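Residue numbers (numbering that gives the first Met the number 0), protein chains in the order written: chain A, 0 to 431; chain B, 0 to 431; chain C, 0 to 431; chain D, 0 to 431.
Hints in this document: simulated from the structure, not taken from any laboratory. Computed from a prediction, not measured in an experiment: that's the story for all the values here. Among the hints, a few may not be true.
Copies of the same chain are indistinguishable here, so a pair counts whether it falls within one copy or spans any two.
[To be verified] Below 30 Å or equal to it, Euclidean Cα-Cα: the simulated BS3-like pairs (lysine-lysine) are: (1) Lys365 <-> Lys383; (2) Lys101 <-> Lys141; (3) Lys167 <-> Lys236; (4) Lys236 <-> Lys324; (5) Lys324 <-> Lys248; (6) Lys431 <-> Lys53; (7) Lys248 <-> Lys365; (8) Lys53 <-> Lys365; (9) Lys248 <-> Lys126; (10) Lys89 <-> Lys427; (11) Lys141 <-> Lys236; (12) Lys13 <-> Lys79; (13) Lys214 <-> Lys248; (14) Lys427 <-> Lys79.
Number of protein chains: 4
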Amino acid sequence: MLDFRFADAATFEKTVEFRREFHKYPEVGWNEYRTTARIAEEMEKLGYEIHYGKEIIDEKSRVSLVQIDEYSVLIDKAEKDGAKREYLEKVDENFTGLCAIKKFGNGGPVTILRFDIDALPVNEPEKDAHKPFREGFASKYKGYMHACGHDSHIAVGLGMAMLIENMKDRINGEIRFIFQPAEEECKGGMSVANGGMAEGADYYLCGHMGMNLNKTGLFAASCYGFLSTSKFNVTFKGTPAHAANSPEKGRSAINAAAAFILGVNSIPRHSEGNTFVNVGRIEGGTVRNVVAENVVLEMETRGLNNELNTYMKDSVLRLAEGCAKMYDVEISIEDAGECGSADCSEEMRDMVFDIAKEIGLEESIKEIYFGASEDAIYMMNAVKERGGKCTYMMFGSELAAPHHNCDFDFNEETMRIMEEIYCRCIEKLMCK
Amino acid sequence: MLDFRFADAATFEKTVEFRREFHKYPEVGWNEYRTTARIAEEMEKLGYEIHYGKEIIDEKSRVSLVQIDEYSVLIDKAEKDGAKREYLEKVDENFTGLCAIKKFGNGGPVTILRFDIDALPVNEPEKDAHKPFREGFASKYKGYMHACGHDSHIAVGLGMAMLIENMKDRINGEIRFIFQPAEEECKGGMSVANGGMAEGADYYLCGHMGMNLNKTGLFAASCYGFLSTSKFNVTFKGTPAHAANSPEKGRSAINAAAAFILGVNSIPRHSEGNTFVNVGRIEGGTVRNVVAENVVLEMETRGLNNELNTYMKDSVLRLAEGCAKMYDVEISIEDAGECGSADCSEEMRDMVFDIAKEIGLEESIKEIYFGASEDAIYMMNAVKERGGKCTYMMFGSELAAPHHNCDFDFNEETMRIMEEIYCRCIEKLMCK
Amino acid sequence: MLDFRFADAATFEKTVEFRREFHKYPEVGWNEYRTTARIAEEMEKLGYEIHYGKEIIDEKSRVSLVQIDEYSVLIDKAEKDGAKREYLEKVDENFTGLCAIKKFGNGGPVTILRFDIDALPVNEPEKDAHKPFREGFASKYKGYMHACGHDSHIAVGLGMAMLIENMKDRINGEIRFIFQPAEEECKGGMSVANGGMAEGADYYLCGHMGMNLNKTGLFAASCYGFLSTSKFNVTFKGTPAHAANSPEKGRSAINAAAAFILGVNSIPRHSEGNTFVNVGRIEGGTVRNVVAENVVLEMETRGLNNELNTYMKDSVLRLAEGCAKMYDVEISIEDAGECGSADCSEEMRDMVFDIAKEIGLEESIKEIYFGASEDAIYMMNAVKERGGKCTYMMFGSELAAPHHNCDFDFNEETMRIMEEIYCRCIEKLMCK
Amino acid sequence: MLDFRFADAATFEKTVEFRREFHKYPEVGWNEYRTTARIAEEMEKLGYEIHYGKEIIDEKSRVSLVQIDEYSVLIDKAEKDGAKREYLEKVDENFTGLCAIKKFGNGGPVTILRFDIDALPVNEPEKDAHKPFREGFASKYKGYMHACGHDSHIAVGLGMAMLIENMKDRINGEIRFIFQPAEEECKGGMSVANGGMAEGADYYLCGHMGMNLNKTGLFAASCYGFLSTSKFNVTFKGTPAHAANSPEKGRSAINAAAAFILGVNSIPRHSEGNTFVNVGRIEGGTVRNVVAENVVLEMETRGLNNELNTYMKDSVLRLAEGCAKMYDVEISIEDAGECGSADCSEEMRDMVFDIAKEIGLEESIKEIYFGASEDAIYMMNAVKERGGKCTYMMFGSELAAPHHNCDFDFNEETMRIMEEIYCRCIEKLMCK
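Generate the whole structure from the sequences, applying the supplied hints.
If you want it as structure tokens, here you go:
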């Protein structure tokens, strides 16, 4: 029914295999050692030149680095789980992800295809109702899971590389596959955008499966409404004291935090569009009979655009300062990532929209509201600032549960549609 | 049973008559025009020299001046209600109260007897269960009532003046009756203490009926634990805005006030003794669809001593400043009275305690916890600083309801005991 | 330049005169006695049949009735200010507004033209920079002002009635002019919609000047995003107590209100669209040394549609109940008006849009976001439920300050455009 | 200067040695394995019959059991650090502490001497300014320290047992040494009081060094004002949701906790005496972009007496319930210990006061305000209910820092005074 002119059944079969392999070994942002090594191995097989680490990542732009175990332990584990040591050794500590580059024909444009590769700290359920468990490809890394569909992104990236080989004689130009680390919480996008790979790029193509389109065959040629967001921690530091002997000598960081939390809820809603603020985690104090000295709050703000997010964050910071004064405590703010907004290129959107109609997708729209944050916007803006064009697509799929939920799963057929659309983009952009 | 050596039945009868007259015409602090004029008239009859207004009141020390109606209206009303215009004309605007002075014999000490005279903004009930209504002496000034017993204080003062005439040949020295205005909320005490009447004083006697002693015949020779207190208003000034069109342009004074109110509750309790804070009145904003620009909070702090009250007030001010920062509003603080603490003189306490035993009172104690604020402390401290002695007594009485409650009433028999005790004090202090 | 085919200069001059007259005598909702009488007089002159009070207003649907002075006082004042007693006597107490009806030709549709007539409790400035003052037509009713432009609505209504006379031979059908009382805070709309005038109506035309279109010549043929809103008062009733003698016996309504206010700010923002909540006015407590017994909060919720507003109001009510439990106080809720949302008819919108293009307006759009509440929606829904069609237009104008601001003023030229558009609507809908 | 009739220098030297040994091996409540075994060994040497575990501890009355490591690990460590396995094997898991009993002479009263033995989770500083470090007896258990002086209590207990041997021929009756586990946070006292050792007891003697008396030679024969306290955890359980995609579906446990924390601060101060409440620890939520599902608060209330503490706890529970309603979350309360108040026996107080005067202590008082909680009160009440008498003494000492502070240290001379007082008590109570 659909016109799969490029995405053949055999490659799709291999794509599903890849997806299930990566699903088994989920690695969170900045810890994608096995993932990177395996992708490198596959891409190198197809003749791509692999760029790792500081070649493609700006060290200072990395955000919220966390190493979940000792580096050597992680590397050993990755080797045990099928990654080759020769590739692992090239992946520097917390410099995960890679860029695979290949040139085709004579001259021609530079096209970036971007796929994000990190998993989530979610515990995958061991129950038959959950297909990955039932069919034997559930996570082997307890506490971690590909619950956002990035396993499909990786698989489609690798499938694409195979399909491109089928059309390589027609292509003129350079293709850069960016397998981006640490998308969740927008931790990696800026470091890649500042890492050099945007230079000379003419086109930047990326997207996400699932999201607001809950059926395979639905498609949006572009997204708008990437929420601008700021991530940060607020620490209150008070003065401990015995809670009954001398409470008046104490300055409770917990009391200050409570007033602050209610305070951030009091930031006026904005008439120009949605704004959000959330304190997602709190921890502080020591024991019940001592006035709490320290509290840390992990929080975020968001806005429909950069101005609205700035309005929220500025308000939060003012509230924190005032609260510190009220409760006679000290505050410190630790940034943990920012992510702005970006717009797709109209021209590219229209091209993709036409492609979708040609393939015969059930329902296509030119643009859809994204309503979340996405660090692809860094590269989108970087490419556009350099004169390039971009779009961010959304590929519908039946979802077993919402993204980030432990019951998340999707219809793998979507991956074949993704491949077909990406191939047709390459054709339109790079083939004679 | 009790040994009423001075307080005869006839004077007591007249005292009751006075009490009921003053109960009918209650006037709040700084508005005691009729009250002052009537007292002056009675005291002058007995040969006292009356000092009014700026002679006895320090203008700048008056606190929370309020004129409940135009001066001339109040004066006319007072005349209509039985005060003589010749006395009313001597009572300057908001310079109510008086000091009546008389000298006896040759030389001798100066003794001050102090009685407070103001009423409360309480609505007296019109029901038979309420004795003042049932017996026809309920308030004729709607919305005002002698609900704290100061009508008994006035009556005892006038009764005392009559009784003193009976013992005048034995007395040597000067007696100053201070009928103090504006005791409620500690508004008048400081202005009287700074007004000159403390000069040369050797003894200062005062007290209160009822309070913690709920039976006629109970008595405390002195009080401790006069709570130090600060009265003030906090105003928040924000920025109005349409609540739906542009709430983000608003700075809600109501939100700020809410955070502030919860903030003042968060001031740590003090290990060294009771502390209190209360926001007793709030008013702000205009209409429901506009972000509120202004809010005024009428509040007070208290502490067992001056240090504890200072701790509370300083905390409140810090909280107000922090809150202003949090909610991006402005604050202003308006002082509305302060009242510290004071100690009775041990020697005087013991003398009074002995008197109570001699009279045969059912139960007497040397001292009792006061647990409230009282602006008599200004004069107590002023007299003591000048080498004088003082005590503040408590005279038990059956109360129909707590002080300040609209059902308040007391056992008038208590007034006779008050007179007897005061007379015996005069005897011990001033008679040969 | 603009094609004023109907709205002639002479009528415009008279319209300006009307506008300035009504600007001088602003009357707030349910108190539009002079306004109603003057409109009745003018409409009757033109042969309209006037329906007043219970004929057109459903008594029980009136919301937030307030009589700002005694009825007879207001009537006398209105007469003194130019209204005729014969009309005033027909305007029942708090049944202001009127419906003027006239039939034209043979048969034909029923068209309602709706103009709202109430003013605001805003104090008009007396300064030369303010044109109504400078040109001598500032408010003569201190504390009240036509600060929302309803004076222009009245004037355009009266101007329209004059212009219709010029085209009366071409018209077939019935025209109903509804001069609606009490639009502000959505107090009057429901009572009119339930009052009978929607029966048999085919078309309902209304609109507002100014708003989001800040230039004369801008125009929107319809509005969407009438915010659904609920108005209500929340009263907390606690237990009074002396703030230092027995604070533990008190239950502070002020503390409860503070927690409630911060609580309503904590209602999660909604991902589906704008929601708002505002506590616009607070008053409670008596004096500073008594734990506050009562507090009243005047507040409102809004949402982009009925569901979002219901989400907000339900959350507020739950918070109030929880707060009452927390602080051991009682609550009561008093409704003060509701206003839902409504959609314009596409067909009518397109007709009006075409008219605007024919006139040659500088810039016209089919629809614009309203972003506020408007009780015209009651009649819009009532007409549509009966098979009729409606639209709500927005007529741009230069504004001296935002609506409801005391410096508000507008470009009177807008009124001529309003008249021209309304006339052309009548032509299209009712003329052969 | 002081008359050490019983406490000889040699025993004091041994007491110091004991104190330093126990200081080196601090064990927190319910984990005093080495401590118990060593005490047992020493007491058995002196002919005492040792009762362990369920013989003396009511299993169900144990509160806040925590095993800081596996039982076998702790036992092995204790053996390595000098405890004998034969004693360790008798100490059941979390049944630490012991009662050592010996009978003297014929008949006579039963006297309990109680010493608490647990340490604190405090990190002892390694700096020369800190005497235990400087002199080589600092804690060998990192993170734990005898920072409350219970090491001195153990040492005095053992010293007393030695001194009693010197006077054994004069004694008639039974002496029970209770070495009580888990005094901190009042975790052990109730289980011992319900464990059987109160049966038949005539006298109960106990006390604390340091506290409000900061000089060796100061002494109080009894204490009053043991604060009644409740320890408990409050858990809020809300509903998680993505903080930007669907915040309206979330119910933030963190928001609820914040309102609750400010709520508990709003509990009115009590006019009858000090009350306290503290939230000492908070932890909840998962990541910053998810509405927090769970929060746990570890908290306590206190009051000058049981009624005041009950007032506080009841208020807290009501606030928690109301808060759950407000924020649409669930709550659960987990008790973590209670400790009431108790009064010393006047007769015993006077006896001890006389003893202090006989010894020639610098300054002795009959009673002192304790101002903290102490689980000795359980046994005090148990003994008194059975007709016995008790007192709780306070032994002054120079302190290097307040109790529970990591710099805490004391003047060891105090231990000799403790021994002398306890011996003289034994003499007065049990010797002919």
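Here's how the hints hold up against the structure:
Taking CA atoms no more than 30 Å apart as the test, Lys365 paired with Lys383 passes inside one copy only; the shortest distance there is 19 Å, against 33 Å between copies. For the identical chains of this complex, Lys101 and Lys141 are neighbours neither inside a copy (36 Å) nor across copies (56 Å), given an alpha-carbon limit of 30 Å. In this assembly of identical chains, the alpha carbons of Lys167 and Lys236 never lie at most 30 Å apart, being 61 Å within a copy and 56 Å across copies at closest. Proximity of Lys236 to Lys324 under the C-alpha cut-off of 30 Å is found in both arrangements, the shortest distances being 12 Å within a copy and 18 Å between copies.
Taking the shortest Cα distances, Lys324 and Lys248 sit within 30 Å of each other both inside one copy (16 Å) and across copies (24 Å). In the homo-oligomer, the alpha carbons of Lys431 and Lys53 never lie at most 30 Å apart, since the shortest distance is 35 Å inside one protomer and 78 Å across protomers. Taking the closest pair of Cα atoms, Lys248 and Lys365 come within 30 Å of each other only across two copies (28 Å); inside a single copy the shortest separation is 62 Å, beyond that limit. In this assembly of identical chains, Lys53 and Lys365 lie within 30 Å of each other by CA distance neither inside one copy nor across copies; the values are 37 Å within and 53 Å between.
For a Cα distance limit of 30 Å, the shortest separation of Lys248 from Lys126 across copies, 26 Å, qualifies, whereas the shortest one inside one copy, 53 Å, does not. Taking the shortest Cα distances, Lys89 and Lys427 never come within 30 Å of each other, neither inside one copy (35 Å) nor across copies (77 Å). In this assembly of identical chains, the alpha carbons of Lys141 and Lys236 lie at most 30 Å apart only when taken from different copies (24 Å versus 34 Å within one copy). In this assembly of identical chains, Lys13 and Lys79 lie within 30 Å of each other by CA distance solely inside one copy; the values are 22 Å within and 59 Å between copies.
Taking the shortest Cα distances, Lys214 and Lys248 sit within 30 Å of each other only across copies (22 Å), while inside one copy they are farther apart (60 Å). Taking the closest pair of Cα atoms, Lys427 and Lys79 never come within 30 Å of each other, the shortest separation being 42 Å inside a single copy and 76 Å across copies.
Hint check: violations occur at hints 2, 3, 6, 8, 10, 14; the rest are consistent with the structure.
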